[in-house]
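Peer 1: Each of the two chains sits in its own frame; use the hints to bring them together as a complex.
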Amino acid sequence: MIEVKNLTKKFNGFTAVDNVSFSVEKGEIFAFLGPNGAGKTTTIRMLTTLLKPTSGLIKINGFEISKKQDEVRKSFGIIFQDPSLDDELTAYENMEFHGVIYGVPKKLRRERIEDLLKFVELWDRKDELVKRFSGGMKRRLEVARGLIHHPKLLFLDEPTLGLDPQTRNHIWNYIKGLNEKEGMTIFFTTHYLAEAEKAAQKIAIIDHGKIISQGTLQELKEKTKTDSLEEAFLSLTGTTLRDEEAGTLDHMRMHHRLRR
Amino acid sequence: MNAIYILWLRQLKRHFRSRARMIGSLGQPLLFLVALGFGFGPIYQRAGGGNYIQFLAPGIIAMSILFTAVFTGMEIIWDRQFGFLKETLVAPVSRFHIMAGKTLGGATVATLQGIIVFFLSMLAGFRPEYIVMLPLAFLFMFFISLLFTALGISIASLLEDMQAFPLIMNFIIMPLFFLSGALFPLQGLPKAIGVVASVNPLSYGVDGLRGTLVNGASFGLHVDFMVLGIITAILILIGSYLFSKIEV
Ligand SMILES: Nc1ncnc2c1ncn2[C@@H]1O[C@H](COP(=O)(O)OP(=O)(O)OP(=O)(O)O)[C@@H](O)[C@H]1O
Ligand SMILES: [Mg+2]
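Which chain is which? The protein sequence lines are E and V, in order.
Anchor point for the first sequence: position 48 equals 48 in my numbering, and the numbering is continuous, going up by one each time.
Anchor point for the second sequence: position 81 equals 81 in my numbering, and the numbering is continuous, going up by one each time.
Read the hints as simulated data drawn from the structure, not as lab findings.
It is possible that some hints are incorrect.
What the hints assert, rightly or not - Computed list of lysine to aspartate or glutamate pairs in EDC-like fashion (alpha-carbon distance at most 20 angstroms, straight line): (1) E/K152 <-> E/E64; (2) E/K59 <-> E/E28; (3) E/K198 <-> E/E28; (4) E/K68 <-> V/E160; (5) E/K52 <-> V/E247; (6) V/K245 <-> E/D70; (7) E/K10 <-> V/E160; (8) V/K86 <-> E/E111; (9) E/K10 <-> V/E129; (10) V/K13 <-> E/E93; (11) V/K13 <-> E/D127; (12) E/K67 <-> E/E3; (13) E/K126 <-> E/E93; (14) V/K13 <-> E/E28; (15) E/K126 <-> E/E111; (16) V/K13 <-> E/D70; (17) E/K26 <-> E/E3; (18) E/K202 <-> E/E3; (19) E/K106 <-> E/E93; (20) E/K74 <-> E/E3; (21) E/K74 <-> V/E247; (22) V/K86 <-> E/E88.
All of these numbers come straight from a predicted model, not from anything done at the bench.
This is chain V alone, in the form it adopts within the complex (with noise of 0.2 angstroms):
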């Protein structure tokens, strides 16, 4: 249990001490937003899809989430080539309890990624509907912050090293984000493209959010909060399996 907490503790410490990374990680939603959000938000409104900040401020809070959780997860890379992997591994510490330790530290910092990210879109103009699903909405975000660091920590204990990463963020990052309903909405999309993303994940998270933030969900929350809770599931025993793999 100690084991747990102090592997959690060190993710917040590495994240939050690190003003580049904490900058770098909210410039890119806050860049989305109003370019996005200014960007279309006209046309969007003569199409008669409403105000576009409030469609689109959930998208880029899971946006967000998912790009934090991925990459704390992936951290597990650099820990292999700075060496700190092996002084963990070496411990007499079940395995199934760093993988708890490290998934729950990327998926605490992804949800505080996000619920900043959620007041920063205020900023830009966006209300949440109803105050009192607020709780509901932070923790949508914590579920797909545990799934998406679960899904870093399975991809970075297949890898060696970090010359992979440009091809996990444009084949699978990006088009996870792309074809999650985050920016534009999944009614009337030609076939192909709503069936992937009806296989997403990220998916019923955008839509969990939106549902609990302004009231719009599509697939039903309680639909979105179970495919959330199975896949998370899974990808923990997955990303558990790999991680107990790891030879350094």
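Excised from the complex, chain E in its bound form (with noise of 0.2 angstroms):
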């Protein structure tokens, strides 16, 4: 479903993400962790058709991502790590317009908007503009809106950031859902190792924009001698603070993400 075969993106001589390969087989669980600034929101936006990449070459859905732009847009889905809503908008006409430029019938869209609203707890306030709705209940709507229109393949930056315990099972339970009845294949990023360790089938862990160790759970605590997914974590990337500038920088908008 991905292919990506030495991926490189540079900012003006600063390389954020640095030769990276990996794949992702269709019907897959596939985490992408590593710790702040990594380099996995890049990779996304790559992934996603955003950003061009300096060089290398990605393949989604079979599609060369530089030669088949609208093909790889019509095979995946995203739930972006910031904020993508218009907050001038109602919570319904956000998920609306996300609807209608999918393509998703009048009929499914309208039952899926009023399914997923009703599952995010949110159908009460659907006609609230965003602007008034606090932080979590912003990232409700926006996993929502995410979940419209049923994609091969879903992209997943951070999606439970945020969000209380009970709704973060919640989320992942209806992700796991749509993996084994449609066989949506879930491309996700998360800093709960807890949620990688229950959902993933394979994982890939970057730092430094490379990637430094990828398979299966069971893989990466037989290489690093660990009994779990964090402790395998920390001996991979190490226990320093990454508060290098671009360290701070995510965090800040970690920080504005969670406030706002």
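Peer 2: The following block contains the structure:
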């Protein structure tokens, strides 16, 4: 479903993603983990046509991304890490906008919007402007919106960021259901390693733009001689804080997102 | 097609939902009409120009369209900063359709704005001379709107944030407005200013409005129409190209 070869992205000389290669099989749940500023979001931006790679090859659903942008865009859905709602529209209008631009037929669209808004417990407030929502409510709306059209491949960039444990569980069950029922391929990032431990069939760990290890949970644990994903993660990426300039920037972004 | 419609609808909702934005965008033309109209009226009359409000109103309508159109086009910058642009750009919709939806949305908002200012100017004493020409005047408004929305989108595609906004305002928008014949007749101007005015697309918009509303076109209505049409087409092409290059 995803094939990445020697993918590199440089921002004015700074290498955010450094010669990364990996592949994700159809129907797989794939976790892309790494410390702040490791290059996860940058990789996802390239995989989703938002950013041009400096070099390297990406194939999504069999289509080469630089040549078949439209086919590629038809193949995936995404829930962004950063805010992406229109604050001046209501919750319902945001959902409707998404359903329409993704070409979901009217009847199905209305049904799914209602189901999903009920699922994230925003149905009562569907006609309120999004700017009056709390951070967590906005996040729930973004998650719901990302699930209106059922793509073959779903990117989730820290989907549960800022959500309470109940909601996180709830959402993960839903996503796993989609994976089982529709064979939807899931590519996600998270800093809640327990989520990755429970959901992921394969895991890649990226640090400073390079993939430092990939495999199943079992393989990672064996390789690092640890017995949890968290220990494996720390043993691979070290325990130093990512407080270089990039790290703090990302941190600020995250605070911004949590406060809004 | 549906995508174009929903993008269009979004622009309209955003504009007409924000009362501050509506009032703000009507305040300026009103101020210009009243201050300039009544302020320069007597001098204009004495100089033999006739009724200044009759001359000024089409210019002020064009001004409000210019500002509204460029602003709504430049809203892309806000969309980028607040993150909504990503949502639009990953969708399986051709870039040209996105551009079309945004341009039509901005142009509709600006045209409606122009029509509102038209009625406001009637409160200030303006009287259109031929009612039958009104539809043509509205068509001109729509052309001016399209042109400058496409310009706004082109500019916005090149900018990362609003920091360059004062620059755009002072070096593009204001000169376009002041050197367009909106406020004074283009005949008998110093050569340099006349030349600048004749390459300014807004001059043809103002001229077209004046031609249809008070019968005072100096370039001629079909020249106005042709020039506006051609420049609009070119700007839409440039805008689509720049827009398709946006990375977020
Ligand atoms: N537009 C940009 N210009 C310059 N540098 C950038 C840009 N976007 C990202 N970077 C840098 O690229 C690096 C990787 O950022 P990225 O957002 O991919 O990290 P991440 O792995 O998603 O981190 P987090 O867990 O904090 O979300 C960071 O150092 C970041 O500052
Ligand atoms: Mg990230």
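Peer 1: With reference to the structure, classify each hint as holding or not holding.
Peer 2: Status of each hint after checking the structure:
1. E/K152 <-> E/E64: Roughly 16 angstroms separates the two Cα atoms, so the pair holds.
2. E/K59 <-> E/E28: 16 angstroms, holds
3. E/K198 <-> E/E28: 14 angstroms, holds
4. E/K68 <-> V/E160: Since the Cα atoms of E/K68 and V/E160 sit roughly 27 angstroms apart, the hinted pair is violated (cutoff 20 angstroms).
5. E/K52 <-> V/E247: 8 angstroms, holds
6. V/K245 <-> E/D70: Distance ~15 angstroms between V/K245 and E/D70 Cα, so the pair holds.
7. E/K10 <-> V/E160: This hinted pair holds, its Cα atoms lying about 18 angstroms apart.
8. V/K86 <-> E/E111: At roughly 25 angstroms apart (the allowed maximum being 20 angstroms), E/E111 and V/K86 break the hint.
9. E/K10 <-> V/E129: Given pair E/K10, V/E129 is violated - Cα atoms ~62 angstroms apart, limit 20 angstroms.
10. V/K13 <-> E/E93: Between V/K13 and E/E93 the Cα gap is close to 10 angstroms, so the pair holds against 20 angstroms.
11. V/K13 <-> E/D127: This hinted pair holds, its Cα atoms lying about 14 angstroms apart.
12. E/K67 <-> E/E3: 15 angstroms, holds
13. E/K126 <-> E/E93: With a Cα-Cα distance of about 8 angstroms, the restraint between E/K126 and E/E93 holds, given a limit of 20 angstroms.
14. V/K13 <-> E/E28: 40 angstroms, violated
15. E/K126 <-> E/E111: 14 angstroms, holds
16. V/K13 <-> E/D70: Distance ~28 angstroms between V/K13 and E/D70 Cα, so the pair is violated.
17. E/K26 <-> E/E3: 11 angstroms, holds
18. E/K202 <-> E/E3: This hinted pair holds, its Cα atoms lying about 14 angstroms apart.
19. E/K106 <-> E/E93: Holds: E/K106 and E/E93 sit about 14 angstroms apart, inside 20 angstroms.
20. E/K74 <-> E/E3: It holds: about 17 angstroms lies between the C-alpha atoms, which stays within 20 angstroms.
21. E/K74 <-> V/E247: The given pair, whose Cα atoms are some 19 angstroms apart, holds under the 20 angstroms limit.
22. V/K86 <-> E/E88: OK: V/K86 and E/E88 at ~16 angstroms, within 20 angstroms.
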